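2 protein chains.
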Amino acid sequence: MFATPSKRSGKAGRYHHGELRAALVDATIKLIAEHGVRGFSLAEASRRVGVTVAAPYRHFADRDELLAAVAVRALEVFVAMVAGDTTDTDPPAQRLAAMTRAYVRFAAEQRPLFETVFHAGLDKSRYPDLKRAYEPVDALFLSAVNEICEGDAAAADALAAVLEANAHGHAALLLDGEYGEGSDAVRAAADQAARASQALIDGRNALHG
Amino acid sequence: MFATPSKRSGKAGRYHHGELRAALVDATIKLIAEHGVRGFSLAEASRRVGVTVAAPYRHFADRDELLAAVAVRALEVFVAMVAGDTTDTDPPAQRLAAMTRAYVRFAAEQRPLFETVFHAGLDKSRYPDLKRAYEPVDALFLSAVNEICEGDAAAADALAAVLEANAHGHAALLLDGEYGEGSDAVRAAADQAARASQALIDGRNALHG
DNA sequence: GTCTATACCCGGATAGAC
DNA sequence: GTCTATCCGGGTATAGAC
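If you read the sequences in order, they're chains A and B.
Going by the working numbering, 122 is the number at position 122 of the first sequence; the sequence numbering is gapless.
Going by the working numbering, 371 is the number at position 162 of the second sequence; the sequence numbering is gapless.
Any given hint might turn out to be false.
[Said to hold, decoys possible] BS3-like, lysine-lysine: derived pairs with alpha carbons at most 27 Å apart:
1) A:30 <-> B:239
2) A:30 <-> A:124
3) B:340 <-> A:124
4) B:239 <-> B:340
5) A:131 <-> A:30
6) B:333 <-> B:239
Rather than coming from a laboratory, the hints here were simulated on the basis of the structure.
The structure displayed is predicted, hence computed values, not measured ones.
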């Protein structure tokens, strides 16, 4: 249509060769940040990177496979954030509160990543990498909880599960706007979630059914 | 294309006149049940009902307005379910456990409705009906919690908020497959959420920040 | 490993007839 | 209040050239 259509046409056409896979993952993250998971399309990601819509199919079987790759990277960031805020010397309850806070903050500060993991509707049985990438989260909670429920593995499992559900619930409702918008809302939700984690620890005797 | 294309062509073409709005809401719910919120389209809903794609625009300004109508109906069912499982004579902690259970069961048994409310990405400022339709949920939790935190309104607000987040977290993780699939998973998630609500009540002293 | 080109299907939305 | 017809845009995916 146009004369000499450069392969670098478009503002973001800085991609050259050899890293298309990674470049697509990056572009997808930005795309989801702007238009949400629903608004993502393989076609637009291709345009952003500066390749044609056919190129991605050398690296991903289909659209969902790219989304799954994004979700795996998202979980790496998630795990780093949940793990990073704590030091092993802190008492376990304090570490769990910090992890809960980090969980909620991740949802707010990395909303596109959070949504890709939890709202993209990816078939987990099709992407076992996804399940594996989530396991460290369980492990982190369990490790701290085990110091509280010494010896009682069943009690530890139960407590860890409700602590994760507590963090997740606060994160989800925060993104849904239940706590308002802005950084005040994030702080409020994170604080409340952290306090709730302490309440769950204190009241953990009620978890035995 | 075909001779005498009846206005009732198609398997589901039982719609006649005068209730297109309601018929579209019904069809949308079924559609979301089959293809998820993401897979919904106004066009297919129209086909199901047996009208052309133009007809809905007499009743809804656009696609999102139909989704919002579905969400409002969903919240009515939600409220009925959360309220319905309790009797006022039960002690408040028991009612809160039942409400929590109902919250989780609603997510599982009415998954399309739950997803429409929480995952459709509707702009709540554009649909004030949505916010209003959710208020009874808060009111139900608060009413039971007030019997526990007699007099202390701030404590009641905090406890109600974490109880709702607890229920929501379990519901969301259940739909995400964290508790497995099937009715066993639903029961497990609901039981765990109910026990966690008791733990939160027992440990509520930690909620004061 | 990427491009060109294309086939194919779908959705949202509107104008104008009835 | 619904239909017919249509415009317009967009996405997925593939074949074949380079």
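Evaluation of the provided hints:
1. At most 27 Å may separate the alpha-carbon atoms for a hinted pair to count; residue 30 (chain A) and residue 239 (chain B) exceed this at roughly 33 Å.
2. A distance of roughly 23 Å separates the Cα atoms of residue 30 (chain A) and residue 124 (chain A); the hinted pair therefore holds under the 27 Å criterion.
3. Only pairs whose Cα atoms come within 27 Å are accepted, and residue 340 (chain B) paired with residue 124 (chain A) is rejected, the gap being roughly 33 Å.
4. A distance of roughly 24 Å separates the Cα atoms of residue 239 (chain B) and residue 340 (chain B); the hinted pair therefore holds under the 27 Å criterion.
5. Restraint check: the Cα-Cα separation between residue 131 (chain A) and residue 30 (chain A) comes to about 24 Å, which is no more than 27 Å; the hinted pair holds.
6. Of the supplied pair hints, the one linking residue 333 (chain B) and residue 239 (chain B) holds, its CA atoms being roughly 23 Å apart against a limit of 27 Å.
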